[in-house]
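Listed in order, the protein sequences are those of chains A and B.
The first sequence begins at 1 in the numbering used here and counts up one residue at a time.
The second sequence begins at 1 in the numbering used here and counts up one residue at a time.
In short, the hints are calculated from the structure, not lab data.
Mixed in with the good hints, there may be bad ones.
To be verified - Listed below are the simulated DSS-like cross-link pairs for lysine-lysine, each with C-alpha atoms no more than 25 Å apart in a straight line:
id : chain 1 : residue 1 : chain 2 : residue 2
1  : A       : LYS14     : A       : LYS106
2  : B       : LYS27     : A       : LYS106
3  : A       : LYS14     : B       : LYS27
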Amino acid sequence: MNRVLFASLLGDRKMATAICGAALLHLGCTAAGHFGWSCPILSASGVPCPGCGLSRATLALLRGEVRHALTLHAFAPVLLGALTLLFAAAVLGPEARQRLSEIIRKIEMRTRITAWMLLTLLAYWTLRLALDGRQFIALVT
Amino acid sequence: MPILAKLVGLASLVPFIIVLIKLFQQKGVLHGILGILCALYTFIWGWINANTLNI
Chain A
1 MNRVLFASLL GDRKMATAIC GAALLHLGCT AAGHFGWSCP ILSASGVPCP
51 GCGLSRATLA LLRGEVRHAL TLHAFAPVLL GALTLLFAAA VLGPEARQRL
101 SEIIRKIEMR TRITAWMLLT LLAYWTLRLA LDGRQFIALV T
Chain B
1 MPILAKLVGL ASLVPFIIVL IKLFQQKGVL HGILGILCAL YTFIWGWINA
51 NTLNI
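One chain only, chain B, in its complex shape (with noise of 0.2 Å):
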């Protein structure tokens, strides 16, 4: 289970690093560092955003 994880984590840091760049251009420094300190909150805002953000 720990590999199955740490898979997991290594294939989402393509789409956090895109939606996090997204996120400070969109929201500012604020939301950008909160994205940086949470990870989930980045992952929802972009589900979140996905349509408008074309991504």
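One chain only, chain A, in its complex shape (with noise of 0.2 Å):
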């Protein structure tokens, strides 16, 4: 498995600067009470993906309801910790850009911390959905 993911995001611009954006709209949307972009997988089968709440979770924590943002989602400091590097990543120029990625690359070839991240996030999903499946749909839709 390819240990390095996060890097090459952050050290393509375009794609760190597409994903930011979607991401503001989507949490800006989620936050003015519009309707966010809904799941594909929620909506096809019922069952929410390991991602749903996240949105409403990252929220949450900029709003400071820390309490609140776990119980949503336990990821959401994760995704907010990511999305601030994507913002760097698309906001800095070129020199600076690369050695971000470079210092990122570093620590996932030496940790594969991000290949663990997500590893523990489809534990996380897939506890929550054999320990209370109800109360976790109830919550997230």
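Both chains come to you apart, so use the hints to assemble them.
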């Protein structure tokens, strides 16, 4: 499995800008009470995907409601950190962006942190569904 | 509004699966898993690479 994922996103300004822009638009729509873009997996199956609830959790975190944010989705701080780094990559100049990308690449190579985060997120989602699926679905829909 | 949101979500399911398959093929397992976890990334990647992927 390729160890480097996030660094490649940070190194690509077009991708970082597009992800940041779409995320900000989606968060803005959700915060304003308009419908955000709804998850295709949830819409089709009625079962939330591992990322469902992250938008509202991130907004709650930005409002300072840490407990509520973590109840909605424990990975909200991770997403906020990732979006901050992507925003930095989008606005930094080419040299600074490459330096940032290189630092993250080294961390990813050494620790495999992105792969571990994704696997932990999958495990977290599985546990939430298995332990209290109904409450989880009610919380994110 | 929730009905419209649900319809948009349902309509995006087929392109989501098509782009997700391309994502796994082109970028590997890690990006593919990220694509499942964050559909927004899948669509943005597909949009940016639409010409090269012929989608």
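Now for the hints, and whether the structure bears them out:
| no. | hint | result |
| --- | --- | --- |
| 1 | A:LYS14 <-> A:LYS106 | holds (22 Å) |
| 2 | B:LYS27 <-> A:LYS106 | holds (19 Å) |
| 3 | A:LYS14 <-> B:LYS27 | holds (17 Å) |
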